[in-house]
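Q: Sequence:
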Amino acid sequence: MAKTGLNANYIFGIAFISALGGYLFGFDFAVISGALPFLRGYFGLTAWWEGFLTGSLALGCMLGCVLAGNLADRYGRKPGLMVAALIFALSSLGMAFSSTLPVFITMRFVAGIGVGMASTLSPLYIAEISPAEVRGRNVSINQLTIVIGILITNLVNYALADNGPDAWRWMFGLGAVPSVGFLLGVFWLPESPRWLVQKGRVQEGEAILRRIGGESFVKQTVIAINRSMEGVEKPSLSMLLEKGVRPAVIVGIGLAVLQQLCGINVVFNYTSTIFETVGANLDRQLFETVAIGIVNLVFTLVAMWQVDKLGRKPLMLIGTLGLAVLYVVIAVLLKTGASSGLLSVFVLLAISVYATSLAPITWVLISEIFPNRVRGLASSVAILALWGAYFILVFTFPILAEQLGTYGPFGLYAVICLVGFWFVRRNVRETKGKTLEELEDTFITH
7 MAKTGLNANY
17 IFGIAFISAL
27 GGYLFGFDFA
37 VISGALPFLR
47 GYFGLTAWWE
57 GFLTGSLALG
67 CMLGCVLAGN
77 LADRYGRKPG
87 LMVAALIFAL
97 SSLGMAFSST
107 LPVFITMRFV
117 AGIGVGMAST
127 LSPLYIAEIS
137 PAEVRGRNVS
147 INQLTIVIGI
157 LITNLVNYAL
167 ADNGPDAWRW
177 MFGLGAVPSV
187 GFLLGVFWLP
197 ESPRWLVQKG
207 RVQEGEAILR
217 RIGGESFVKQ
227 TVIAINRSME
237 GVEKPSLSML
247 LEKGVRPAVI
257 VGIGLAVLQQ
267 LCGINVVFNY
277 TSTIFETVGA
287 NLDRQLFETV
297 AIGIVNLVFT
307 LVAMWQVDKL
317 GRKPLMLIGT
327 LGLAVLYVVI
337 AVLLKTGASS
347 GLLSVFVLLA
357 ISVYATSLAP
367 ITWVLISEIF
377 PNRVRGLASS
387 VAILALWGAY
397 FILVFTFPIL
407 AEQLGTYGPF
417 GLYAVICLVG
427 FWFVRRNVRE
437 TKGKTLEELE
447 DTFITH
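All residue numbers for the sequence shown refer to our numbering, where the first residue is 7 and numbers rise by one.
I should point out that these hints are in silico values taken from the structure, not numbers from a laboratory.
Since no wrong hints were added, every one of them can be taken at face value.
Quick list of the computed label-pair ranges, beta carbon to beta carbon:
#	residue 1	residue 2	range
1	Arg290	Lys225	56 to 66 Å
2	Phe103	Ala53	21 to 31 Å
3	Arg252	Gly206	24 to 34 Å
4	Gly206	Lys249	23 to 33 Å
Quick list of in silico lysine-lysine cross-link-like pairs, DSSO-like style, CA-CA up to 30 Å:
#	residue 1	residue 2
5	Lys225	Lys84
6	Lys319	Lys249
7	Lys205	Lys225
8	Lys205	Lys249
9	Lys84	Lys205
10	Lys225	Lys315
Backbone N, C-alpha and C fix where the C-beta goes; we use that ideal spot for every residue, glycine too.
Full structure from sequences and hints, please.
A: This is how it looks when you write it as structure tokens:
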């Protein structure tokens, strides 16, 4: 036990295993960047089909979010995580053995279902098992595993790139390995104690809470959960429109959409397209994906260090404003045909700003701001909006780049970031250091 009475090692262990869903999220998210140069030739992709193939993951994610919310509230968080792991494994093999474009897109859509489920359930589960003083850090572990997944995937892609025109099959197929590891890890996880108490399985919930923080923690947490559940009905969409819930839902959806339409994910997914504009060869394009993965990882660690110190809102404000400025510079560099080295500097700066702010903090806030009685459903709706925005972003980028030039979309993303700065400043309240139950009062009066 830690001096605070919390079993820090146990808490970190279950948070880390749950967050391995984020690793698989990072894999499916990043693998397309290294594979696209091969897929363009194999499937003869036009700009439209390139955008749809890339975005098909997001369409699956949207369905996964819907399924996750229902599973989470009816059967618990753990079964949902197990289903997500199984879907990851099967879809990885499905993409690797695809022989036609429709089959490949279908398998990528199925992979998206797993990503959508994991992106909903992993941060939700971690938030519910974590005491308030370490919740921000623990939920950020999910983002850390995402960026580790991105980095390792980019390294593997770089290593496989010289293995001929079918290298993309190995890039996708190797995703089955961490998927099976995640599935085995989930068997060890306990169910969310908050979900157990809400379902009347109080003794089971208390046993898990006792292992997390001892008797005093058990009593305080159970009392707070029961108080938050007084007079509660079965979660429904109509509940999300209630006066006491609606403000949190608006903030959650707004942040989710902002995280995607801010534009950074075109850098992750279309690295090769962006750097090809300034004359970089395939080797340099894939090297840039590795550099992006390293910077993403380093600055995600910075975010984990600061999220429970500096707070959520200041980091979000810094991120939106910083990205707006950097996008203007990147647009100018692309338009003027600057060297790939100079472009790389500002792209990596943009990645560092995003990794310290919008990337992890959005997931933290979504896991925190909703009332206990609708958290599973409300989280699913917010993340559904996130993946809808991601589809719009990655589907439109190749088309906009073809019509406006590669630099054109970055001007649009700069404007969106400025709108996001205003939204965060006006609507988001600080959540660090408060229990999930205390935050209900914050947003009821928001």
